[in-house]
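Residue strings, one per chain:
2 protein chains.
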Amino acid sequence: PEAASPAGAHDAAGPRLPSHAVSELDASHAQLEELSQRLKNALYQAHKLQDEFEGSFAKHKKAVKAAHKEYKLSSRSQEMCKYDELLTDLDTLMPTDGGTFVRAYLGNLNLRFMRHKERMRFKQGYELFKQHMAPLIIAFCVACLYFHNNRWLHMLFQLFLAYYYVNLSLRENILRHNGSNIKEWWIVHHYVSMIDAVVLVTWPNSPSYAQFATKLHLFGLYMGVVQIFQTRYQLARLYTLRSLGKASEMDVSNSDSTQVHYTRSMAILVPIILVGQMFQLYIAVTLFILYARYRGEYQILMCGFCFSVMFLGNFSSTVLTMLEKMGV
Amino acid sequence: PEAASPAGAHDAAGPRLPSHAVSELDASHAQLEELSQRLKNALYQAHKLQDEFEGSFAKHKKAVKAAHKEYKLSSRSQEMCKYDELLTDLDTLMPTDGGTFVRAYLGNLNLRFMRHKERMRFKQGYELFKQHMAPLIIAFCVACLYFHNNRWLHMLFQLFLAYYYVNLSLRENILRHNGSNIKEWWIVHHYVSMIDAVVLVTWPNSPSYAQFATKLHLFGLYMGVVQIFQTRYQLARLYTLRSLGKASEMDVSNSDSTQVHYTRSMAILVPIILVGQMFQLYIAVTLFILYARYRGEYQILMCGFCFSVMFLGNFSSTVLTMLEKMGV
Ligand SMILES: CC(C)(COP(=O)(O)OP(=O)(O)OC[C@H]1O[C@@H](n2cnc3c(N)ncnc32)[C@H](O)[C@@H]1OP(=O)(O)O)[C@@H](O)C(=O)NCCC(=O)NCCS
Ligand SMILES: CC(C)(COP(=O)(O)OP(=O)(O)OC[C@H]1O[C@@H](n2cnc3c(N)ncnc32)[C@H](O)[C@@H]1OP(=O)(O)O)[C@@H](O)C(=O)NCCC(=O)NCCS
Chain H
1 PEAASPAGAH DAAGPRLPSH AVSELDASHA QLEELSQRLK NALYQAHKLQ
51 DEFEGSFAKH KKAVKAAHKE YKLSSRSQEM CKYDELLTDL DTLMPTDGGT
101 FVRAYLGNLN LRFMRHKERM RFKQGYELFK QHMAPLIIAF CVACLYFHNN
151 RWLHMLFQLF LAYYYVNLSL RENILRHNGS NIKEWWIVHH YVSMIDAVVL
201 VTWPNSPSYA QFATKLHLFG LYMGVVQIFQ TRYQLARLYT LRSLGKASEM
251 DVSNSDSTQV HYTRSMAILV PIILVGQMFQ LYIAVTLFIL YARYRGEYQI
301 LMCGFCFSVM FLGNFSSTVL TMLEKMGV
Chain L
1 PEAASPAGAH DAAGPRLPSH AVSELDASHA QLEELSQRLK NALYQAHKLQ
51 DEFEGSFAKH KKAVKAAHKE YKLSSRSQEM CKYDELLTDL DTLMPTDGGT
101 FVRAYLGNLN LRFMRHKERM RFKQGYELFK QHMAPLIIAF CVACLYFHNN
151 RWLHMLFQLF LAYYYVNLSL RENILRHNGS NIKEWWIVHH YVSMIDAVVL
201 VTWPNSPSYA QFATKLHLFG LYMGVVQIFQ TRYQLARLYT LRSLGKASEM
251 DVSNSDSTQV HYTRSMAILV PIILVGQMFQ LYIAVTLFIL YARYRGEYQI
301 LMCGFCFSVM FLGNFSSTVL TMLEKMGV
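Protein chains in written order, with our numbering: chain H, 1 to 328; chain L, 1 to 328.
Not one of these hints is a red herring.
Not close to chain L: a few residues of chain H, all C-beta gaps over 10 Å, as computed:
#1 Ala139
#2 Val188
#3 Thr214
#4 Thr286
#5 Phe315
#6 Met322
Listed next, the in silico DSSO-like pairs over lysine-lysine satisfying Cα-Cα at most 30 Å (straight line):
#7 L:Lys40 - H:Lys40
#8 L:Lys82 - L:Lys59
#9 H:Lys65 - L:Lys40
#10 L:Lys40 - H:Lys61
#11 H:Lys82 - H:Lys325
#12 H:Lys117 - L:Lys40
#13 H:Lys40 - L:Lys117
#14 L:Lys61 - H:Lys117
#15 H:Lys59 - L:Lys40
#16 H:Lys61 - L:Lys117
#17 L:Lys82 - L:Lys48
Derived CB-CB ranges, DEER-like:
#18 H:Ala267 - L:Ala63: 51 to 57 Å
#19 L:Leu128 - H:Ala292: 47 to 53 Å
#20 H:His148 - L:Lys62: 51 to 57 Å
#21 L:Leu323 - H:Ile182: 49 to 55 Å
#22 L:Tyr146 - H:Lys117: 52 to 58 Å
Everything labelled a hint here was simulated from the structure, so no lab data went into it. If you're wondering where the values come from, they're calculated on a predicted model, not measured in any experiment. Positions of the beta carbon are idealized from the N, C-alpha and C atoms, including for glycine.
One chain only, chain H, in its complex shape (with noise of 0.2 Å):
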C-alpha cells in the first residue's frame, strides 16, 4: 500500500493543490468533522431523551384519563386541572402526523416543528405562496374571460385550482397541529373549494357551461383581488407576530395565545371580503337556476351545493371572528 502523498507534493493523478490551501481545507475539513461528531452525539442524547419521554407521556396521559373516568372527574375540577394544563403544554413536543387529510398524502412522517423559527418560516412561506398565487389566478381568470371558448383553458385552470387547493389544506393541517389557531372552518373551506374545482373539471362543454363560466371567472377574478389583501394583512400580523415573538426567546414551545384585535387594516379587509361572500351567494343562487333549465346535469347541482356551504361557512365565520375580535 501507498503512503499518502505529502501536502502540496507532484500527484501523478492530476494538477495539485498548492500546500496553503491545503492546509486551509484540511483545517476546516478536521473543524466539521469534530463539529459534526458532537452534532451526533447531541442528536443521539436527545432522541434518546424523545423516546424517554414519549413513552411517560402516553403513561401519564392514561393515568390521568383513568382517573378522569373512574371518579367521574370533570377537567374543571380543581385537582386534575393541573394534569391537564401540563398535557396540553408538553403536546407540543409530541410527534404529530398533520391529521388524516396530510397522511392520506405523506404517511407516518412527524411534523411536530421543534423550534419556533421553523414554524415561523413554515408560515411566512404559505403566506407568501398565497401572495404569489393571487396574481396568476388573475391572470387565469381574465385569460379565461377572453378566450371564453377554450374549454382545455378552462380546465388547465381548474386542475391548477383543485393543486392549489390541496396545497392549502395540507399546509394549514400541519400549521394547526403545530399550534396555530386556524379554525376548522378554513381548512373546510378549502376542502370544498377543492372538490368544487374538480366537479367544474369533469363539466362538458355544454350550453350550461357556457352560460356559466363568465359569471364563475367573474368571481374567481374578485377572489384573487380579495386574496392580495387579506394576505397582505396576515403577513403584517404575522410579522408582528414574529417580533413578539422574538422579545420572548421561546424557542421550544408552539404554542400561541396572541390575539389580535379588529385594527384598522381590517377595517378596509372586512367589507371587500363580505362583497366576495355574497358573491358567492350570488353564484349559488345562479347555479341552482340553471338546474331548473337542465335537469339532470349534476355538475350544476353539486357546483350550486358547493358555492352554497362556502357562502354559509364563510360568512358565518367572518362575522363569528369580528365579533370576538370587537370583544362582543
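Given the coordinates of chain H, assemble chain L with the ligands onto it according to the supplied hints.
For chain L with the ligands alone, kept in the frame of chain H given last:
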C-alpha cells in the same frame, strides 16, 4: 385568595380524588415535568449545534468547490477525494425540502429523517400503502368493467388514481432525498401516470372513450395484480435491510448502500412485470390507431403519448436493473 385544598380533602368544586390516586398522579406528573425539562435542554443544545454545523458545512462546501474550480481539479483527484467524501457523508445531517415536487405541495419544510428508524418506518408505510391500495384498484377496475357505461364511476376511479400518484410521487421524492436508491425514472413514471389520470378525467363520454374503456380497465386490473406481487417483494427486501440495519446500530446516518442481488422471488416477479409492460405498449398502439379514426380528440393522443413514454421508460429501467443485478 384561597389556599390549595390538601390532597384528598373535600372540594367544593366537585367529587374528590382519593389520596393514593393523588400521590400516584403527582409522582408521574413531577417525573414527566422533570423529563420534559431535560428534553428541552437537550433539544436546545442539539439545535444550537445544528445551526453551527449548517454554517460550517456551507462554508466548507463553498471552499472545496472554489478549490475544485480554481485549481481545475477533478473529483477523482486523490487530494480532493477525502473532502468530497466527508461532504457527501455529512449531507445526511443537513436539512432537505424534498425537491421541487414536494416543495410545490408543502413549501419550506425540513423533511430530513435524522433517525434510521424514522426512515424505515416511512418506507414501510409507503410500501404498505401500495399494498393496501392494490385491491382497491382491482375492485375499481372490476366495477368499471361491469358498469361500462357509468362515466361517473370511471371518473371517480381516475380521480382516485390522480390522488394515488400524487401520494406516491411525494413519498418517493422524500425517500430519495433521504438516501434511497430509487431510480429517478420511477418517480417520473408516477408523474406521467398522474398526467395520464388527469387526461382521462377530461376525456368526454364519446364513442372513442367507449371503445377504449374496456382495454384500459383490463390493463388496470393486471396492474393491480402486478402491484401486489411487487410490493410483496419490496417488503421482503425491506425487512431484510431492516434487520441488517439493526445489526449495525447506525441510528444517525441515512445513507444505505446495500445492494440486493438477483433473487428467486425476482425470477417470478420480473416476467410478470415484463408482460405488464408489453400490455402498456399494446395500449399505446391501440390509442394511436384510435386517434387515426377520431382526429381532433386530443385526449386520445395525449394518453397514447403517456403510455408510450411509460412503456419505454419502464422497460428500459427494468432491463437495466436486471443487468446490474446479474452483474453483467
Ligand atoms: C376576517 C379575517 C381576515 C380575520 O383574520 P385573522 O385576524 O387572522 O383571524 P384570527 O385571529 O381568528 O386568526 C387565527 C389564525 O387563523 C389564521 N386564519 C384566519 N383566517 C384564515 C383564512 N381565511 N385562511 C387561512 N388562515 C386563516 C390566522 O392566520 C391565524 O393563524 P395563527 O394562529 O397561526 O397566527 C379572516 O378570518 C376571514 O374571515 N377571512 C375571509 C376569507 C374568505 O371568506 N374568503 C372568501 C370570500 S371572498
Ligand atoms: C425489477 C424491480 C422490481 C427491481 O426492484 P429492486 O430490487 O427494488 O431494485 P433496486 O435494487 O434498483 O432498488 C433500489 C431502490 O429503488 C426502489 N424501487 C425499485 N423499483 C421501484 C419502483 N418501481 N417503484 C418505487 N420504488 C422502486 C427500491 O425500493 C429501492 O429503494 P431503497 O434504496 O430505499 O431500499 C423494479 O425495479 C421494477 O422494474 N419494477 C417494475 C415496475 C413497473 O414497470 N410497473 C409497471 C409495469 S406493469
